[in-house]
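> Please build the complex by placing chain B on the supplied structure of chain A, with the hints as guidance.
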Amino acid sequence: MNLFNIPHNELLQHLLNGLTLGAIYSLIALGYTMVYGILKFINFAHGEILMLGAYAGYYVYYLICDPSQGGSFVIFAFIISLLTAMVISASLGVFIERVAYRPLRKAPRLAPLLSAIGVSIILMNLAALFFGTKSRKFDYPIDNTTIQLDGTSITPNQIMILAVGLIMMTALKLFIDKSRLGKAMRATSQNQSVAALMGINVNFIISLTFAIGSALAAVAGIMMSLEFKLYPTMGQMAGLKAFIAAVVGGIGNISGAMLGGILLGLLETFGVVILGIPQGLKDTIAFSVLIIILLVKPSGLLIKNIREKV
Amino acid sequence: MKKLLSVLISLMLLFALACGKESDVVKSGETIKIGFLGPMTGDAGNYGKLMSQAVKVAVEEFNAAGGAEGFNAEVLVEDTEGKVEKANPAIEKLAGVDKVFGIVGSVFSSVSLAVAPKAEASKIVMISPSSTHKDLPEKGKFIFRDVMSDALQAIVFGKYLAKVENVKTVAILYIKNDYSQGLAMDFKAQFEKEGGKVVAVETALQGDKDFKTQLTKIKGANPEAIYFPNYVAEIAQMLEQSKQLGIKAKFYSADGFSNPQILELAGDLANGVIYTQAAEQPTSQKRKDFEAKYLAKWGEKPDAFSLNAYDGALIMLNAIKATSSKAMGGNLKIDRDKVRDFVAKTKDYDGASGKITFTANGDLVANIGIYTAENRKFKQLKMFKLDGENLVEIK
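Order-wise, the sequence lines are chains A and B. Residue numbers for the first sequence follow the working numbering, so the first one is 1 and each next one is one higher. Residue numbers for the second sequence follow the working numbering, so the first one is 1 and each next one is one higher.
Extracted from the complex, chain A is given alone in its bound form (with noise of 0.2 Å):
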């Protein structure tokens, strides 16, 4: 027993249920914070580019294979339905904003934010005609089996999702701090009109941001279909929840939205657990967090002026 009373391996158990959750808030976090870092506005057709993306890596991975006959075809079947969805996403991701947002730039703010929510509604509504409402099962491309460790329990997947989370937070870290492509990101978002005299192509770099973001939100969708299931409401709740992340670890900036997604992660858990929140409650525990950092430190845990904001 320890300082809450819950035996040590249960205490384990909520940590890795926390973690996995917020591996999975932080992946999708980066896309808001990256296009709020250049373009200082919300992307709210996030979530539902993460549904399109689960769908398409969906559909990829069904036509080439029979996921319950097992062996290592499905999993090379699963990586190939993986790269297409973030190619598939990538795309959708830059043609939205080459249709909806770009007219808008110069337009007030509140405009393309309007412009972003209706995407949303309408994508979200195309994929519930086209590909029905149910959830759909999308299997685990590897055995499954649960781990027992004296008492914790850990699924193969879960630790594909932390790790993926894990290899993907830093490969984005590292081009943007040092690649030169990351160097011109990092400048747009500082100044656009300095950067677009210093020879940098303004509209590119913007169309890469959404690229990237909404290449990891696929990757964020598939990981959170095996967990959760399809359907295509999905990227709704899970997009409240991201950009919330982003907007505590401070929008605009890579590591907070990292670490704002794994911190809320494990305040939903250990909110439940520890702090005895009924468990009825628990999204409230996100907009709490929500309204109390706008309250109390609106720029997010992680200052927002430093250098390496995007």
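Keep in mind that the hints are not guaranteed to be accurate.
What the hints assert, rightly or not - Lysine-lysine pairs mimicking DSBU-like chemistry, simulated, CA-CA at most 35 Å apart:
no., chain 1, residue 1, chain 2, residue 2
1, A, Lys282, B, Lys293
2, B, Lys217, A, Lys297
3, B, Lys293, A, Lys137
4, A, Lys282, B, Lys217
5, A, Lys137, B, Lys395
6, B, Lys250, B, Lys217
7, A, Lys137, B, Lys326
8, B, Lys139, B, Lys248
9, B, Lys139, A, Lys137
10, B, Lys159, A, Lys282
11, A, Lys137, B, Lys297
Calculated directly from the structure, the hints in this document are not laboratory data.
Structure of chain B alone, referenced to chain A:
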């Protein structure tokens, strides 16, 4: 001015009265409208889809048999998404604009409880095929259901678990909606009365997909059995995550489990889950005919609630047929009170779901079956009825 106003008001009153009369008449060449109210989209869309298809089969059958005095019936399907806020405008439309004579629905208890007062006020016979909340029939004279009450289901199940399966400790994980909460609370009270112990009660919200926090807490309480009185989208997640957390308890559920989608979503995890549902009556020719017709028309099999929806639709259509009469100008006159009284008198109606009899307040007289899922199929294990306080097995 005042005079003009009073004339206007009395004219409006007259008009309103005339309209009121008008609503009970189907003009020559028009159809007798009934409504279906249920989730057609969203997580629970499959329930509504299957049931509305059953109502359409019933209407087709009714029309093929000549309708009422040659008037054909028509069903108007309104989507509730399983949500009260969507159901309110839907019932307003059915009652106010379409002026339907009966409603098959709603599907979820929360929604049925919310729309019942409007149906009652507009004198629309409402027969719910699937809302099992114990309070529903008390909502009014016009409110019926041909599905068994949760109170009965939960009481029988509490007794069954304690006495027949000899389970001592149970944990409950339910979704905060009227259906699940009602079942969970009634079951808990009954199980404790029988000497059982409920070691953990956890809740979640409709639409949640992640139940690991609750299940981890339940695992810590180490119950012999877990009761999931929810709908299939959630049960599938709960079964899967219980397995992932290495929970060894036995799983139990209620009639929400009977939607075949569970077999697809949960796969082999559905095997061995035991649940209650209205007892299956000997498969009648009527049921076989309906199932064959349904399969031929829609290319899929009906679920248990669809049988109820089909029966409910025919009960109300037959009542309309029996009580309506030709009026002047080739119109059809339908008296809403008479329709209601005819439906209320239903006794041993030979339906696809079995014999249907309504109690005085519009509830269904039912026996309870104990079912399980096995190799991707549902199977009835035992059948019980409540004789006063005693659980009696029907052989």
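> State for each hint whether it applies.
Cross-check of the supplied hints:
A C-alpha spacing of about 45 Å is found between Lys282(A) and Lys293(B), which places the hinted pair above 35 Å, so the restraint is violated. With a CA separation close to 33 Å, the supplied pair Lys217(B) and Lys297(A) stays within the 35 Å bound. Restraint check: the Cα-Cα separation between Lys293(B) and Lys137(A) comes to about 29 Å, which is no more than 35 Å; the hinted pair holds. Distance hint between Lys282(A) and Lys217(B) is fulfilled; the C-alpha atoms sit about 15 Å from each other, no more than 35 Å.
A distance of roughly 39 Å separates the Cα atoms of Lys137(A) and Lys395(B); the hinted pair therefore is violated under the 35 Å criterion. Simply put, Lys250(B) and Lys217(B) have alpha-carbon atoms about 16 Å apart, close enough for the 35 Å limit, and the pair holds. Taken as a hint, the Lys137(A) and Lys326(B) pair is broken in the structure, with Cα atoms around 54 Å apart against an allowance of 35 Å. For the proposed pair Lys139(B) and Lys248(B), the alpha carbon gap of about 41 Å is over 35 Å, so the pair is violated.
Taking the CA atoms of Lys139(B) and Lys137(A), the gap is near 39 Å; set against the 35 Å cutoff, the hint is violated. Our distance criterion of 35 Å between C-alpha atoms is met by Lys159(B) and Lys282(A), whose separation comes to about 33 Å. With a CA separation close to 27 Å, the supplied pair Lys137(A) and Lys297(B) stays within the 35 Å bound.
The structure is inconsistent with the numbered hints 1, 5, 7, 8 and 9, although it conforms to all the rest.
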